[in-house]
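One letter stands for each residue in the lines below.
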Amino acid sequence: MFTLIFLKELRDIIQSSRFTISFAACSVLIILGFLMGAQNYLGSLRQYEAAIEENRNQIAAETNWAQVDNSIMLPPRPLQALVNGISNDIGRTIPISGRGELRPQNTRFNDEPLFAIFRFMDLEFIFGIVLSLFAIIFAYDSVNGEKQNGTLKLCFSNAVSRAAFIGGKLAGSFVGLSIALLIPILIGCALLPVLGITLTQSEWIRLGLIILSGLTYFGIFLAIAMGISASTARPSTSFLLCLVVWIFSVLIIPRASVLVSGRLIEVPNVDEIASQKNQYRLQLFDEDREKMASFEGSEETEPQDLMREFSSFMGELAEERTKKVELFSQRLNEDYLNKQTEQTKLALRVSKISPSTVFTLASTELAGTSLHLQNVYLESANSYQEQYGKFIAEKTGQNSGSGFRMIVVSSGDGEEEPETLDPEEMPQFEFAGLTTEQVLERSVIDIGLLVLFNIIFFGGAFYAFLRYDLR
Amino acid sequence: MYRLLILKELKNILLSPKFSATLAVCSILILTSMGIGIQEYNHAVSQYEANQSLARQNMEQANGWGRVTQSLHRKPDIMQVFVAGLHYDVGRLSSINRTRDVKLQRSPYSDETLFAVFRFIDFTFIVQVVLSLFAILFTYNAINGERENGTLKLAFANPVSRIEYLVSKCVGIWLGLVIPLCIPILVGLLIIQLTGLPVSGEDWSRILSFLGLSMLYLTFFVVLGIWISSLTRKSSLSFLLLLVFWIASVLIIPRLGVTAAGQVIPTESIAQIEAKQAAFEKARWQDYTRQLTENMRERADNMTNMTEEERASYQEEKEWDWLEQDDAARKQLQTDITNNNRLLLEETRNKQVIQQALAFNLARVSPASSYRLAAMQLATTDMGMKTRYEEAMRVYRDNFVELVKRKQDETGQTGGFKINIDSNRGMKIDFDRNNQGIDISEVPLFTEPKPTLKASLVSAIPDFGLLGLFILLAFGGSFFAFTRYDMR
Chain P
1 MFTLIFLKEL RDIIQSSRFT ISFAACSVLI ILGFLMGAQN YLGSLRQYEA AIEENRNQIA
61 AETNWAQVDN SIMLPPRPLQ ALVNGISNDI GRTIPISGRG ELRPQNTRFN DEPLFAIFRF
121 MDLEFIFGIV LSLFAIIFAY DSVNGEKQNG TLKLCFSNAV SRAAFIGGKL AGSFVGLSIA
181 LLIPILIGCA LLPVLGITLT QSEWIRLGLI ILSGLTYFGI FLAIAMGISA STARPSTSFL
241 LCLVVWIFSV LIIPRASVLV SGRLIEVPNV DEIASQKNQY RLQLFDEDRE KMASFEGSEE
301 TEPQDLMREF SSFMGELAEE RTKKVELFSQ RLNEDYLNKQ TEQTKLALRV SKISPSTVFT
361 LASTELAGTS LHLQNVYLES ANSYQEQYGK FIAEKTGQNS GSGFRMIVVS SGDGEEEPET
421 LDPEEMPQFE FAGLTTEQVL ERSVIDIGLL VLFNIIFFGG AFYAFLRYDL R
Chain Y
1 MYRLLILKEL KNILLSPKFS ATLAVCSILI LTSMGIGIQE YNHAVSQYEA NQSLARQNME
61 QANGWGRVTQ SLHRKPDIMQ VFVAGLHYDV GRLSSINRTR DVKLQRSPYS DETLFAVFRF
121 IDFTFIVQVV LSLFAILFTY NAINGERENG TLKLAFANPV SRIEYLVSKC VGIWLGLVIP
181 LCIPILVGLL IIQLTGLPVS GEDWSRILSF LGLSMLYLTF FVVLGIWISS LTRKSSLSFL
241 LLLVFWIASV LIIPRLGVTA AGQVIPTESI AQIEAKQAAF EKARWQDYTR QLTENMRERA
301 DNMTNMTEEE RASYQEEKEW DWLEQDDAAR KQLQTDITNN NRLLLEETRN KQVIQQALAF
361 NLARVSPASS YRLAAMQLAT TDMGMKTRYE EAMRVYRDNF VELVKRKQDE TGQTGGFKIN
421 IDSNRGMKID FDRNNQGIDI SEVPLFTEPK PTLKASLVSA IPDFGLLGLF ILLAFGGSFF
481 AFTRYDMR
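If you read the protein sequences in the order shown, they are chains P and Y.
Going by the working numbering, the first sequence runs without a break in its numbering and finishes at 471.
Going by the working numbering, the second sequence runs without a break in its numbering and finishes at 488.
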């Protein structure tokens, strides 16, 4: 009997005008989402490659490794374009000096505010907002609509259990709609290689998981709508209730809970911390001025060697200052980071009562654009800075980043033009990101929560239908 | 007859569960949004004030004009409670110094990424997305629903003209939608007034204009709903058609327009421009060093056949001229670098302006885009906000740098140090006369740029006009459709 109801539901859905129109709208939306994501990725890639090339050119024109201004950029990834997360809100460029605290700058939305007005249409948006709304539209009258048409009584004049009926209904709607959604999704996936975007095996797995999470999330709203339909007598009432639930769980709870609970924990002012660090740096420099003024080179040394000696002396002082500043910064940052972690934990814990939050967290984690992206990028940049610092030390005998420009003017005769640098010699930055295992480990709880929500809401729908008055 | 029909429509709506649900949802949404908006505004203000005093304190503590730095912050605006616009996405501060050009960086969202994941929902978002959906819900069965219930025939059994009926429907539904909106809006405005937020007369005018704009936008969806309802026989079909239109106009077209413009007119990234700036800066410094070397050699050549005493006397005589010559070259270097940096940025900005114009023109096919763009203009959180601030900060920087230079000349505090290496005398490091403390009373104050209400209204007029045009078209369409509507 379950199969019969399942097939009947499937047929009902596929033959309805609601399905035709929604399927057309969803297909356009999903395919456009993939297309726009792909174009966005290709555009970002062009910008990234041009910036890297420009950086390389300016290094190649330099003649002294100590004077190189190096910077790294967060490389765009295809999954970032499909699920944006915070990738457009964090600084992409980091100047690398060989030592000192790193500060990412140039966020996409600050550089190109045009894209911040309407934002991008990514998979998280499509599943999170649009498809959840479609789930409601499909299921709001699934039970009370049958009652209104008189088909519910007709159905139960046969030997049908309530469990088989509601189970068949839910499974039929879910499978029918999921297959319908999978068609444009698969077309979208097929478009990626056609447009010249190559995904690694790991990225395909992660994209697959994002889609699966999206469908699980879609299932939650189907179950909610069905539960509401089985708790109300009229479809118009159930639609209104469903809409209210949708507005709360998609629009209000995730934002309000994060903003309100986030502000419950006072995080120190970042500008104040930056100012303290700067003041300390200046104070240390003032202390070093006396040492600099009293510098005396070795006797009877050639000016070039004397300059080298002085440069090395300055490098040592700068190294010492940097260590002190780093220690001071660590102390300041520790309190800030602890408070920030506490704030994030509280805010996310509270907001996870909404399936929408859970889906957002799961999908951004899988795409590598979650809140962790900034830390992962910084860690990667720090380890690169270490390599770069060593390289510069090897080349120049000291680490760079003394923080001032030294102009060496010699009144001696006919010196040879120094040779320009080869940027290929220096270590190249490679952003690895998290491995698939790490990503899975981080997102498994949220995926589990999505499944749990499905079970709970289906249980709710089942319970409501058991008590439903069929007359 | 108008009055009767409007009252009937209004009564129908007020007594329906639709109204109760709308009232409840609107109240919660609008009040939550305003509450959070006020909380975020207060947070931004306290951060801004703390930063202002920090910047002043840092200047006061500088021990010489050569060491003084300044940072300017974007001032939070009360209108961001209603229209966040680009406030959270654009950098909020720029350092002001001799060597670096103005650059707004560290947007609120880049500093607090947690809040970037679940972005702030402002009043504009509520109207643009949620209330337009409610408008559809109120109107999708306005005509065909009455036909389905048989009440349309009944209504026209009385001496009612079609235009009277249509206009009354529009007005009645519009009132039914606006009433549940007015209550939370008034409560929200009262809270703003009671919490003592600094709302000026001009701000109130902006808020009122913005509310007027929101009503205009909702009117479009009300009229559109009636149009589609009079084009179709079944309310289920009109609902689906309206939903598709809503998705296309609210969610797809604005984004599509922007993405398409980004593809048609690509611009350079700031990282790329900065690399170009760095390359020019380096090349210019090399030129400068080369020139300085040549000057030194020339000066040394002039002294080759002199005795030690003649050399010392010659050096003493020429020292001032040489200093002036070197200083002029250095000033020219800084000017060249600044001009080049600005030129490169200007080129990109010009391209961005063309890109924006194309993006907005494409996006304006949808009333949702017109609404958002006009709202941002009225709230001054629009696309021009970043440019306005950066330009005002540049003017300030130029004045500030000029003042610092003047003060350095007066006090002899260069902030740097000079190393002389002589094969005979060895190495000598000269620090300037620092550690003197400075009086910052002459440092100019930064005035935040804010367009006047008139300027904002003028910029928003095309979008107001477009919304008006959309309403007229939709009303014309509904009138035409309804006059041909088969009431049986």
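Check before you lean on any hint, since a few could be wrong.
Output of the computed footprint for chain Y on chain P, the stretches with three or more beta carbons under 8 Å from beta carbons of chain Y [what the hints assert, rightly or not]:
#: 1; region: 37-43
#: 2; region: 223-232
#: 3; region: 277-291
No wet-lab data here; the hints were simulated from the structure.
The structure displayed is predicted, hence computed values, not measured ones.
Yeah, the Cβ is synthetic: ideal placement off N, Cα and C, and Gly gets one too.
The hints, checked one at a time:
1. 37-43: Satisfied; 3 residues make the cut.
2. 223-232: violated (count 0)
3. 277-291: Contact hint for the region 277-291 of chain P vs chain Y: holds, 5 residues under 8 Å.
Violation of the numbered hints given earlier is confined to hint 2; every other hint is satisfied by the structure.
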